[in-house]
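Dock chain B against chain A, hints included.
Protein chains: 2
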Amino acid sequence: MKQSHLFTKTRHEVPKDEVAKNAQLLIRAGYINKEMSGVYSYLPLGLRVMNKVVNIIREEMNSIGGQEVHLAALQDRKLWEATGRWDDSVVDNWFKTKLKNGGDIGLGFTHEEPLTNLMKDHIRSFRDLPIAVYQFQTKFRNEERAKSGIMRAREFLMKDLYSFNVDEKSHQDFYEEAKKAYIRVFDRLGIGAQTYVTFAAGGSFSKYSHEFQTITDAGEDIIYVHKDKRLAVNRDVLNDEVLKDLRISRSDLEENKAVEVGNIFSLGAKFSDALGLNYKDAEGKLRPVIMGSYGIGPGRVMGTIAELWSDDKGLVWPESVSPFAIHLIALFDSEGKVKKVTDDLYEKLTKKSVEVLYDDREETAGTKFSDSDLIGISKRIVVSEKTLRENSVETKDRRTGKVEMVKSINDLLLE
Amino acid sequence: MKQSHLFTKTRHEVPKDEVAKNAQLLIRAGYINKEMSGVYSYLPLGLRVMNKVVNIIREEMNSIGGQEVHLAALQDRKLWEATGRWDDSVVDNWFKTKLKNGGDIGLGFTHEEPLTNLMKDHIRSFRDLPIAVYQFQTKFRNEERAKSGIMRAREFLMKDLYSFNVDEKSHQDFYEEAKKAYIRVFDRLGIGAQTYVTFAAGGSFSKYSHEFQTITDAGEDIIYVHKDKRLAVNRDVLNDEVLKDLRISRSDLEENKAVEVGNIFSLGAKFSDALGLNYKDAEGKLRPVIMGSYGIGPGRVMGTIAELWSDDKGLVWPESVSPFAIHLIALFDSEGKVKKVTDDLYEKLTKKSVEVLYDDREETAGTKFSDSDLIGISKRIVVSEKTLRENSVETKDRRTGKVEMVKSINDLLLE
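Read top to bottom, the protein sequences are chains A and B. The first sequence begins at 1 in our numbering and counts up one residue at a time. The second sequence begins at 1 in our numbering and counts up one residue at a time.
One or more of the hints may lead you astray.
What the hints assert, rightly or not - Label pairs and their in silico Cβ distance ranges:
#1 A:T350 to B:T10: 43 to 49 Å
#2 A:V14 to B:N101: 18 to 24 Å
#3 B:N62 to A:R399: 26 to 32 Å
#4 A:D343 to B:P15: 30 to 36 Å
#5 B:N93 to A:D228: 54 to 60 Å
#6 B:G102 to A:V14: 40 to 46 Å
Said to hold, decoys possible - Here are the simulated SDA-like cross-link-like pairs (lysine to any residue), alpha carbons at most 20 Å apart as the crow flies:
#7 B:K2 to A:R127
#8 B:K2 to A:N62
#9 A:K16 to B:K120
#10 B:K78 to B:A274
#11 B:K100 to A:D92
#12 A:K169 to A:Y208
#13 B:K100 to A:K348
#14 B:K339 to B:R389
#15 A:K348 to A:L388
#16 A:K9 to A:R48
#17 B:K16 to B:S37
#18 A:K98 to B:D92
#19 A:K9 to B:N278
#20 B:K147 to A:D76
Keep in mind the hints are simulated off the structure, nothing from the lab. No experiment lies behind these values; they were computed from the predicted model shown. Ideal placement from N, C-alpha and C gives every residue a C-beta, glycine not left out.
Chain A on its own, in the form it takes in the complex (with noise of 0.2 Å):
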C-alpha cells in the first residue's frame, strides 16, 4: 500500500482522557480512535493488526479440531434466567436494552448460554462428541472504569472456544490439549517470554482454572511468578494449599503486575445441567454433557504487545503481527531517479505477496523516518541517492536497530 493513499496521520495530541500508554501510542500512530471511554474504533493499520492476531489464534483454535461459527450479540433474557445470571446483582457489567415490540435483551458479555442451547439440536448421542465451537465476537461489557485502553475496553473482540465433552476425563485431555495451544498463540504473538500459565480461581467444578498472565506495569492484576517452572499464582488464590499443590515454596515467588490475556475454565455441567444438554450414552442413559470454556481478547493482546514491545519513539511490532512486513522509505532526489527504483522495488515486492507500505509521500527524510518509528512496521528499507551511489538499500530492523546494506531484491527476500 502507497503511504499516500493510506488516509491516516501520525499525530502528536491524544485525546485528554487517555492515560493508557498502547491507547496513546495506537491513537498517535494512527491505529486505532477513541470513541467514548472504553470504545475503540480500529483504523486500517490497527485492523491489518487486529487480523493477524486473529488468524494465529484461528490456526491454533482449528488445529485442535474447534468449528468456527459466529453467535449474535443479542441474547434472549429466558436463557439468562434459566442459568441465574441475568439479574444484575450477579453480572454487574451486563448492557442490556429494550426491544421495540416489547421485552428486555441483553448484550453479550459471553456466550455460554446461548451456544448450550444451540448445541441441543445438534447433540443426541456419545457419538456427537467431543466437539469444540469457537468464535471471534464483539462482547459487550459494562465497565464502571475503563482506564487501560484496549486492554479493557466495554466493546471488545473475543475469541471464545466452548468443549463439549463426554466425560471429566476426555475433557481434561481437551482442556491440556487446549492450554498447550494457548501457549503456541502467545509465543507466536511474541509475546510467549512474559506470559505465564497462572492457577487461579476454580469454581465449583475445578479446584483451579489458569490464566495466562503477561507481565507489564499496565497489567491491573497482582500474580506471584515460579520463574524455573514457567508458572504464576495469582494473588487471589494465594494460600499455603496451593503452594503444596503446586509443590513451590513463597520464598520462590516474585510479585508482578499482569495483564490477563487468555484464560481457559473447567465448567463441568453447570451450563447443560441448567439448559437441558444431555447425550445419550452406549447405554442409552442420558447424561450431562461436560463443558469447558477458553478465551482470549484479541485487542487486549494487541493492547498488551503495544505495551511490551514499544519504546520512546514508538510501537516495536513483532514480525507475526507487523501491520506491514516492510516500511518501503524513499528519500525523493530531484531527478527522479531514486522515485523509479523504488516504485519498481515496491512493484516487485507487492507482486512476490510481501506486504509493503510504501512511503512515496513529498515529506523530508526526518517526517518519514519518525513517522516510521511510530507506525514500527518490523522491518524498514530505506532507498535514497546514497543507498543507491553503492548500488545497494538500507534496512533496519525495528527492534534491534541493526542496519545492514543490501544489494538485490533476492537477498532482500532471503532474509
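Okay, now just chain B, sitting in the frame of chain A:
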C-alpha cells in the same frame, strides 16, 4: 472437512415462528440458528458462505480504492444529537442502552456520524482527498416486525462504505465507479441477472439515490422493471417526472416484488456541515467535504441467494459462495475399498487446496444424498462400488443435475 467432524445436523423441523423460506432452509441444513425473532447465529457452513460473500464484496471495494476499518457499535449520543438523529421520533429503530457510570448510548444502525467525526483528525487539505473508507460491521435495528429470515434481521452484518470528496463532480465520478463495483459484486454472487439498479428517493442532495433490487417473491419492496434498459424504479418514486428523466414509458415497466440488497446515496455536505468536517482548498479556504454512502448487507444477500437458488430438495449455491467447492460422498462397501479410494481422493484434493466436505459418515446412501441436496454444495462427487468398477467417480452439478463419470483427479480439477 470430514462431515463426521462437522457438529451440525440437518433436520426436518424449523422453529414454529419461522415463516421465511431462506431461514427455514438454512436452519434445516444447519447453516444458521434462530436465537430470537430477527436474530440469527451463523454455524460453520453458514459462516463459510458469509465469509465468501464478504470476500467478494471486499475485493470489489478494494478495487475502487476502499480502505477497510472497523468502527465501534456503541455510539456517542452527542454525535447523533448534532445531526438530529438521536431522537426516537426521527429514527424509529434505535436500540439504546445506558452506561453504568451514567448516560445513554446507542447501538449503531449506521455509521455516518462516528466516521464523519473521526475523519476530522485525518482530513485537513484538498491533498488528503479523495478518500473511501469501508467496514463490515454488525448493525442493530429495532425492527417492529422481522419475518423475512436473514433478509431483515434486528442484528446483521453490513458492508458500509463512505466516500469523501472535494466537490460534487469528483463525488459523482466516484459514485459511478461504486455503482459499477456493485454490479460486479452481484454478478459474482450469482444474482446479477435478477438484480436491477433501481431509482429511489434521493433526499436533499440529489434527485435520486440508487438501490440494487433483486427480484424475488420474498421481497418486501415493489419495483417497476425496464428489462431492456436493465433498470428499475422504486414504487415510492414512480411518477411522470422520473419516467421523463429516464426516457422510459410506463407501459414498458413490469411490476415485481424485490429485495433491496444494496444502496448508494449522495449525502452532499449534510454530515460534514453538522459535524464540522472541512478541508482547505488550494486557496486556503475552508470547504465542507462532500460525502456519499454505499451499503450492502452480506446476510441479506445470503438470504436472497437462498430464496433464488433453492428447489424442493434444498439449497443450490452458486459456485462462488458455496460453503465447499465439492461435496465428496462415499458409499462404503463392506471390504473397505471405497473408503480407501475416497480417503485418498480427499487427501489429494485437500492438498491441492480444494475445499472439500467429505461425507465419511456411516449413513445410508439415501440419507447422504438427501443431506447433500439440502446442504446444496455446488458440485457433488460420489465414490461407490459401482463407480470403482468403472475405475471412475461420478460428478453431479447441483444446479443442472448433470451427471458425469470422471476417470482421473486431473479431470476433476480441470473442469
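Results for each hint:
no. : hint                        : result
1   : A:T350 to B:T10: 43 to 49 Å : 44 Å, holds
2   : A:V14 to B:N101: 18 to 24 Å : 21 Å, holds
3   : B:N62 to A:R399: 26 to 32 Å : 30 Å, holds
4   : A:D343 to B:P15: 30 to 36 Å : 58 Å, violated
5   : B:N93 to A:D228: 54 to 60 Å : 59 Å, holds
6   : B:G102 to A:V14: 40 to 46 Å : 24 Å, violated
7   : B:K2 to A:R127              : 15 Å, holds
8   : B:K2 to A:N62               : 13 Å, holds
9   : A:K16 to B:K120             : 17 Å, holds
10  : B:K78 to B:A274             : 12 Å, holds
11  : B:K100 to A:D92             : 9 Å, holds
12  : A:K169 to A:Y208            : 16 Å, holds
13  : B:K100 to A:K348            : 53 Å, violated
14  : B:K339 to B:R389            : 14 Å, holds
15  : A:K348 to A:L388            : 17 Å, holds
16  : A:K9 to A:R48               : 16 Å, holds
17  : B:K16 to B:S37              : 11 Å, holds
18  : A:K98 to B:D92              : 13 Å, holds
19  : A:K9 to B:N278              : 16 Å, holds
20  : B:K147 to A:D76             : 18 Å, holds
The earlier numbered hints that this structure contradicts are 4, 6, 13.
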